[in-house]
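Mind docking chain F with the ligands on chain G? Use the hints.
Sequence lines, in order, name chains G and F.
Take 1 as the starting number for the first sequence in our numbering and just add one per residue.
Take 1 as the starting number for the second sequence in our numbering and just add one per residue.
Just to be clear, a hint being listed does not mean it is correct.
As the list claims (entries may be wrong) - Simulated restraints, written as ranges between beta carbons of each label pair:
id, chain 1, residue 1, chain 2, residue 2, range
1, G, H163, F, P163, 51 to 61 Å
2, G, E101, F, N237, 53 to 63 Å
3, F, Q212, G, E19, 51 to 61 Å
4, F, A177, G, G17, 25 to 35 Å
5, F, E286, G, T41, 43 to 53 Å
6, G, H36, F, G151, 43 to 53 Å
7, F, G236, G, A160, 26 to 36 Å
8, F, E264, G, A160, 41 to 51 Å
9, G, E101, F, Q249, 52 to 62 Å
10, G, N75, F, E59, 16 to 26 Å
What the hints assert, rightly or not - Chain F residues, not near chain G, derived (Cβ > 12 Å throughout):
id, residue
11, A22
12, H103
13, G236
Said to hold, decoys possible - Chain G is faced by these chain F residues, among others (derived, beta-carbon under 10 Å):
id, residue
14, E7
15, Y8
16, P11
17, D15
18, L40
19, Q105
Since the hints were made in silico from the structure, they are not lab data.
A quick note: this is a predicted structure, and the numbers were derived from the prediction, not measured.
All C-beta atoms in this analysis are idealised placements derived from N, C-alpha and C, irrespective of residue type, glycine included.
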Amino acid sequence: MSGLESLAVPVRCTVNGVEQTATVEPRLLLSDFLRHQLGLTGTHVGCEHGVCGACTVMIDGKAVRSCLMLAVEANGTAIVTVEGLAADGQPLTPLQKAFHEEHGLQCGFCTSGILMSLTALIEHQPSPTEDDIVTTLDGHLCRCTGYRNIVRAAQAAVKAEQHRSRPAVATAGR
Amino acid sequence: MKPPAFEYVRPSSLDEAVRLLADPAKESKVLAGGQSLIPLLNFRLAYPRRLVDIKGIAELAYIRRDGDRLRIGATTRTRDIEESDAVAAALPLLTEACHWVGHVQIRNRGTIGGSLAHADPSAELPAVCVLLDAELKVRGSAGTRTASANGFFHGFLSTDLAPDEILEEVAFTIPAAGTRWGFREFAHRRGDFALAGAACTLRLNRDGVVEQAVALVFGATPSPRRSAAAAAMLHGNRVTNEAIREAAQMTRRELASEPAGDSEQAYRQELCEVMLVRALTDAVNEGASRGVAA
Ligand SMILES: Cc1cc2nc3c(=O)[nH]c(=O)nc-3n(C[C@H](O)[C@H](O)[C@H](O)COP(=O)(O)OP(=O)(O)OC[C@H]3O[C@@H](n4cnc5c(N)ncnc54)[C@H](O)[C@@H]3O)c2cc1C
Ligand code: FES
Ligand code: FES
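Just chain F, with the same shape it has in the complex:
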């Protein structure tokens, strides 16, 4: 099908874009890479009166190392993040996650801001942001605010953003040197949205005891979900195969308390457990050699 009629504007500054979005006379929508929005328009699942294309705003596309922060502008393409040496050096977990976002032809257009604002439950970049508790900079009519990635995602295609707000920047705190990580997902065909996935960061002391653990699963719940039980279980212990299996089982039990649904949901929950076992195992086995360098 073809998109419904709309007006198209391409502001060159963030202020102008926010003003356009706040105009009550026109129902406007931000257009970034278009890799999620244009399919919705083509299928007439969205009827915005006006598209505000933010790709003309030069100050929104950048990757910048700033002390212990890695700052990425909202309109930075997934492919540019995937290929960035600065990202690979500071946050190889993010580089790995980008490999899994759709196909290269999609990553050539799609943006990090668009992925977060769209908030697909299976999307990789929101999962990484929640795992690392990224700080999100948001610009609206009332000015600039920052939001924590934990709490930003409200469920299926739903976020903390108001209609007149633009996600401006994603800032990651670079994990301490020696932090191990894992990222795994499962899809029927490479490049498809994941059925389920898992990611983790682990810090071990010299004796191999966990000092800090964050475990997360995505795809089986409306938003990416950290597992408090897994983190608590791993903390203060050695990461044996037994401990990993137990942490993943606890995570699955947490998921089982979510509104379940159909058999596919149960399958996704089971996949989350399996993916978390693999992600944690990767973190232990390979994590040191590909540690998050500071």
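Chain G on its own, in the form it takes in the complex:
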């Protein structure tokens, strides 16, 4: 692919609290930047047109589809992926723990995206109603769980967070 170097653009952002700089083709999707360039394969890719929710990450505190963003559009932002919720060897966040305890996942394909959307919801709105949780989940397809356990996990996490009131994102550097 000759000539693409001339199209290359710089990207500078923080991912899970770590400053990243890279030079990328403009067409590189953020999802592929995270997975292939940074090796953060916890962000999954299902449909690449915004429907399934598997690729959801948090950007500046908001849940967005990383398959519908160019890496270059993330310039100057703070990104949190599922790897940023709890660092290796560190305790899981209350939400992650609740997914474990309430059996909120089976194959896990949808899970990282759902964790990011629910984390953003709980940060934005510390006492979400069941309806708020369900509305957040309408942007995520899960083929395994039937969603009931996911809703239960989110509700359990909200309760746990209210006890602890520890930040939902451990390593985001905020």
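For chain F with the ligands alone, kept in the frame of chain G given last:
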């Protein structure tokens, strides 16, 4: 799939963006929230040579109350409109419509300008703009012009915008105090594009007689469509259940004269009737308590 190769530019002013778009050497396309354009690129349904990202133009993202106008800059995110107190106070109908735009993760990126320029027949924001006859400010090589939302939408994914033009602002005239409204849509799953929807505004006098009515349906026609028959039928009458049913049936008959197509089209037309009954009923029943405050 992955997008085709293109050049990416992020101008910081509107003038610069228009200059880039007008450059005949490069087929350029505006990139706003990317929630419609990037899927098209991913599936290689679009092959622009250059993307002009307008999110770096600071003067394009705002929500501003200006007398009896509510002005919203083109790159304002759907989510920011949905959560805006100024919008909720001036135009709760718009707040309600935003709830129905895709999923929250999509609304966090998608913009009002992108929704209008993309012109999906099922999109909520174009429907609200046509209902309220919003005024659209457009910047191009030849300068600035204003366009009425009525007439802006030319059909499936097609608008009045020339390739070198940027939609800059959407200005709503805030309806008079006491104006009632309704907004309803139907989709198989929450967050999906609507199969069909309806919206209306109604103003009643003290005796409950309609002084002004606008009714609109979307999803079943290439662009959102006001129903002249429904408005004429309601005007000067009391809004009984009977009148509402009749107005909605007249609307459906208007749709039946459109190029029909498949069985789904007929289903969408039927849904339009049902949604309009509900929207008008909401306007009558709840409209006063959640009236468009001026
Ligand atoms: C899963 C999913 C579900 C969705 N559901 C809905 C839904 O239910 N209802 C709905 O209405 N939408 C829905 N959308 C679409 C979403 O609302 C889009 O964000 C919106 O239609 C386009 O806005 P954008 O800012 O993302 O525009 P972009 O994708 O950046 O651009 C869209 C088009 O508009 C042009 N454009 C953008 N801004 C301007 C401007 N200011 N001037 C001139 N041209 C411009 C671009 O060149 C492009 O052709 C959905 C999207 C997804 C992925
Ligand atoms: S991969 Fe992004 S939403 Fe499906
Ligand atoms: S756990 Fe398998 S898709 Fe959700």
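- Message: Please check whether E7(F) passes as an interface residue: C-beta within 10 Å of a C-beta belonging to chain G.
- Response: Because about 5 Å separates E7(F) from the closest Cβ in chain G, which is inside the 10 Å limit, the hint holds.
- Query: Is 51 to 61 Å right for how far apart the beta carbons of Q212(F) and E19(G) are?
  - Reply: holds (57 Å)
- Query: Checking the smallest CB distance to chain G, is A22(F) really beyond 12 Å?
  - Reply: holds (20 Å)
- Item | Cβ separation of G236(F) and A160(G), checked against the hinted range 26 to 36 Å | With Cβ atoms ~60 Å apart, the hint is violated.
- Does G236(F) sit more than 12 Å from chain G, CB to CB? It holds; G236(F) is separated from chain G by about 40 Å at its closest Cβ, greater than 12 Å.
- Message: Under 10 Å is the threshold here; is the Cβ of Q105(F) close enough to any Cβ of chain G for the hint to stand?
- Response: Given a least distance of 5 Å, the restraint on Q105(F) holds.
- Task: Verify the interface restraint on P11(F): the C-beta must sit less than 10 Å from at least one C-beta of chain G.
- Result: violated (14 Å)
- Range hint 53 to 63 Å: satisfied by the CB atoms of E101(G) and N237(F)? Since E101(G) and N237(F) have Cβ atoms about 60 Å apart, the given range 53 to 63 Å holds.
- Task: May I ask you to test the hint 43 to 53 Å on the CB atoms belonging to H36(G) and G151(F)?
- Result: 46 Å Cβ-Cβ, so the 43 to 53 Å window holds.
- Would you assess whether H103(F), listed as outside the interface, keeps its beta-carbon beyond 12 Å of every beta-carbon in chain G? The assertion about H103(F) is violated, with a minimum of 3 Å to chain G.
- Task: Go through the hint on D15(F) and say holds or violated, using the shortest Cβ distance to chain G against 10 Å.
- Result: violated (22 Å)
- Query: Does the Cβ pair N75(G), E59(F) satisfy 16 to 26 Å?
  - Reply: Holds: the Cβ-Cβ distance is about 19 Å, inside 16 to 26 Å.
Going through the hint list in order, the structure does not satisfy hints 4, 7, 12, 16, 17.
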